Amino acid sequence: MQTINKGRGNRRRKATWRQRLLWLAGAALLVGPDREVRADEPDAATGAHARYVAMIVCGTCHGVTGNSTYPKFPRLAGQDAKYLVKQLKTFHDQTRGDPDAIAYMWGMASQLNDETIDALAKYYAAQKAESSPARDPATIARGREVYEHGVAAQGVPACATCHGPDARGMADFPRLAGQHAQYVLKQLASFQSNMRNVAVMHGVVQNLHLADMQAVATYLEAQP
Amino acid sequence: MRHAKTLRWLTTLTAFAILLSAAPAAFAVPSFARQTGMACEACHTVFPELTHFGRVFKANGYTLTNLKRVQDVSGKKEQLLELSTTPPLSIMAQISYTQMQKSVPDLSNVGAPGVAQNGTAGFPQQFSLFYGGEIAPHFGGLIQFTYDNAGGSFGVDNTDLRFADAKLLPNNGTLTYGLSLNNNPTVQDLWNSTPAWGFPYTSSNANVSPLAGTAINGAFAQNVAGLTGYIFWNESLYVEAGAYRSAQQGVTNELTGQAGPLDGTTSNVISGAAPYWRAAYEHDWERNTLEAGVYGWNVKVYPGGSPSTPQPLRGPTNKFDDVAEDLQYQFLGEEHMFSVMATHIHESMTLNAAYATAASANPSDNLNTTQIAATYYYRRKIGATVEHFSTSGSTDNILYPPNAPGGPGVITSATGSPDSNGWIAEVNYLPWLNVKVSAQYTFYNKFNGGSTNYDGAGRNASDNDTLYLLLWFAF
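Protein chains in written order, with my numbering: chain A, 43 to 266; chain B, 375 to 849.
In case anyone wonders, no lab produced these hints; they're calculated from the structure. Incorrect hints may appear among the rest.
Stated by the list, open to error - Dumping the calculated DMTMM-like pairs for lysine to aspartate or glutamate here, alpha-carbon to alpha-carbon at most 20 Å:
{"#": "1", "chain 1": "A", "residue 1": "K131", "chain 2": "A", "residue 2": "E172"}
{"#": "2", "chain 1": "B", "residue 1": "K442", "chain 2": "A", "residue 2": "D135"}
{"#": "3", "chain 1": "A", "residue 1": "K170", "chain 2": "A", "residue 2": "E187"}
{"#": "4", "chain 1": "A", "residue 1": "K124", "chain 2": "A", "residue 2": "E190"}
{"#": "5", "chain 1": "B", "residue 1": "K451", "chain 2": "A", "residue 2": "D140"}
{"#": "6", "chain 1": "B", "residue 1": "K476", "chain 2": "B", "residue 2": "D839"}
{"#": "7", "chain 1": "A", "residue 1": "K114", "chain 2": "A", "residue 2": "E172"}
{"#": "8", "chain 1": "A", "residue 1": "K114", "chain 2": "B", "residue 2": "D539"}
{"#": "9", "chain 1": "A", "residue 1": "K164", "chain 2": "A", "residue 2": "D85"}
{"#": "10", "chain 1": "A", "residue 1": "K114", "chain 2": "B", "residue 2": "D658"}
{"#": "11", "chain 1": "B", "residue 1": "K442", "chain 2": "B", "residue 2": "E452"}
{"#": "12", "chain 1": "A", "residue 1": "K114", "chain 2": "A", "residue 2": "D85"}
{"#": "13", "chain 1": "A", "residue 1": "K164", "chain 2": "A", "residue 2": "E190"}
{"#": "14", "chain 1": "A", "residue 1": "K124", "chain 2": "A", "residue 2": "D85"}
{"#": "15", "chain 1": "A", "residue 1": "K114", "chain 2": "B", "residue 2": "D695"}
{"#": "16", "chain 1": "B", "residue 1": "K674", "chain 2": "B", "residue 2": "D637"}
{"#": "17", "chain 1": "B", "residue 1": "K442", "chain 2": "A", "residue 2": "E157"}
{"#": "18", "chain 1": "A", "residue 1": "K131", "chain 2": "A", "residue 2": "D178"}
{"#": "19", "chain 1": "A", "residue 1": "K124", "chain 2": "A", "residue 2": "D156"}
{"#": "20", "chain 1": "A", "residue 1": "K128", "chain 2": "A", "residue 2": "E172"}
{"#": "21", "chain 1": "B", "residue 1": "K450", "chain 2": "A", "residue 2": "D208"}
{"#": "22", "chain 1": "A", "residue 1": "K128", "chain 2": "A", "residue 2": "E187"}
{"#": "23", "chain 1": "A", "residue 1": "K114", "chain 2": "B", "residue 2": "D839"}
{"#": "24", "chain 1": "B", "residue 1": "K674", "chain 2": "B", "residue 2": "D658"}
{"#": "25", "chain 1": "A", "residue 1": "K124", "chain 2": "A", "residue 2": "D178"}
{"#": "26", "chain 1": "B", "residue 1": "K442", "chain 2": "A", "residue 2": "D140"}
{"#": "27", "chain 1": "B", "residue 1": "K451", "chain 2": "A", "residue 2": "D214"}
{"#": "28", "chain 1": "A", "residue 1": "K128", "chain 2": "A", "residue 2": "D160"}
{"#": "29", "chain 1": "A", "residue 1": "K131", "chain 2": "A", "residue 2": "D156"}
Model, not experiment: these values are computed from the prediction.
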């Protein structure tokens, strides 16, 4: 419980017994992310519950701190909270249509309410992203070229324009630094085929060659 | 009298062999998909092999749910009820066809030429109903009711009821812990390298199986009640301990007219409770998982008797001490999946009861079984498994008896040896993730101690080679 309460002292210096009971109840319940949170429940309990769910449920695939090791599941640590909220809502509404979203996340997000989605996004945004091992330098160099300057001949703009020079995301655009290369590659292919229907990204990558997708994904994985 | 006891022991062994050969199919259930809203692939490579997520789901008591629920809350905000609005139910069927290399003798024609029909259709071989999922918060189960064509009736099949909870630990650790109340040792296990959920996931029940098998490998399935406690630390280290006591199905106490207490009219009754233990460690990296573990149990059994030849449940017992190691490796690619599952079981038998009544030739025997299977799947659509299996142990010409003069052989051993080994090759096609079409072929190099004339009645090990075709689906 100490860990759960950590950092909440700024809002309320001392938790009331009622809050403690609620936190206890939240932590004691092994439930999916579907748990109904009543309107009168304090934010602290929602936060503690989200942290518990993130580590115990989501953590099985995404890693307890959002630094997954299995490249099928994206790394969420340090990801932009607004981006995460948007993705969770597209899973919840079943509008994000890439295969893994359908197989895994449509179900997992189906009963999430807005408060839990917000709290989960904040949890992951606050986690420290771990670095990935660097791979083939030549591929990384090509990936860096694509990322920073695009591929003019194919009408591909520079990724850095929206995702930031260090790939840590800007505004509503997600962080890509440190993301699994295989995950990034799969998403680029999904944007290209419109399986994951995001108009901006479809436009950006529609002519991007597979080798350049692989290069930029490899480059991104190696970024801190 | 001695003959009667020998016969009883033989009956026991045969019953074990039958239980093993007709071991209920291990299965993944669409109930879980209904409850979680996730596709089969979240928990399985291809059913019933579990992924890491599937193992964690099981360790957490099958309770992860994304179903709407009926709730009740007290005035003090205690949750009194959380009930799924729809129960996670499912149905499974297996339809099979079995062809042996050589027919077995027709018992109604022993002494005269004549063989049993070869080519057995099982329609169904097995039909099961499942409840699989949350029962209440922290409490879930997999409950299987099965009709099998050998028994011709419905009965309790694999059951695993679990209470589980999880805690956050300092340094971002997690600790899952729980209790399992189950009716088959290893049915509660998380890996596919232990007997209950190991390869072959299903076998023909119209073939011939070797005489010898270890006690932990299904011999007591559905006739025990086990309570075990476990921890799963950081989804890596798994430690479990508990005990099993006889909970036999289909027996009646003649005095009370009820299901118990068990008495000397029942055979193979566990003395006290049999301790069970398990430890395993799983390391996950990128797309790989590697598990190594040990497990075992120590079961003391009163031979008991039957209503016609009762034997009191006291005095010497037969003790089976099983110690096993297991190993599992999985590679889960987007298109290619590869797994290796292996286990070696060493059984020490201390046959005080059997030896005292000349139901075994030795006061103690041992038995070793090894299985190693490798599976490949392409896009979860087409796959194949090859397994090598091997059984070896003490020669005991009462436990593994010779053919009686003029007898039919087949389930006898000319040498008194339990040694059997061979290969299983299986190919699978899944048009849908919940529908599997399989062709399985079992090759025997050695059967009940021999390759040629193993039974003393002229039958060769390869005569028991079996082709098994299966349509297996669940919905």
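Given pair status - D539/B, K114/A, alpha carbons within 20 Å: violated, 27 Å
Taking only the CA atoms, is the gap from K451/B to D214/A under or equal to 20 Å? Status violated; Cα separation ~38 Å.
Are the Cα atoms of K124/A and D156/A separated by 20 Å or less? holds, 12 Å
Against the 20 Å threshold, does the CA-CA distance of K131/A and E172/A hold or violate the hint? violated, 26 Å
Against the 20 Å threshold, does the CA-CA distance of K114/A and D695/B hold or violate the hint? Violated: K114/A and D695/B sit about 42 Å apart, past 20 Å.
Compare the distance between the alpha carbons of K114/A and D658/B with 20 Å, and conclude whether the hinted pair is satisfied. Distance of about 13 Å is within 20 Å: holds.
Tell me if the straight-line CA distance from K164/A to D85/A falls inside 20 Å. holds, 12 Å
Given the proposed pairing of K124/A with E190/A, does the C-alpha separation stay at or below 20 Å? Distance ~24 Å between K124/A and E190/A Cα, so the pair is violated.
So if I understand the rule, the pair passes when the alpha-carbon distance is 20 Å or less; does K442/B with D140/A pass? Measuring from Cα to Cα gives roughly 25 Å; hence the hint is violated.
Check the hint pairing K128/A with E187/A against an upper bound of 20 Å on the C-alpha distance. Roughly 29 Å between the alpha carbons, so the hint for K128/A and E187/A is violated.
Do the alpha carbons of K114/A and E172/A lie within 20 Å of each other, as the hint requires? Given that 20 Å is the threshold and the Cα spacing comes to 17 Å, the pair holds.
Taking 20 Å as the top limit, are the C-alpha atoms of K442/B and E452/B close enough? Answer holds: K442/B to E452/B is near 19 Å, not above 20 Å.
Checked against the numbered hints above, the structure breaks hints 1, 3, 4, 5, 8, 12, 13, 15, 18, 20, 21, 22, 23, 24, 25, 26, 27 and satisfies the rest.
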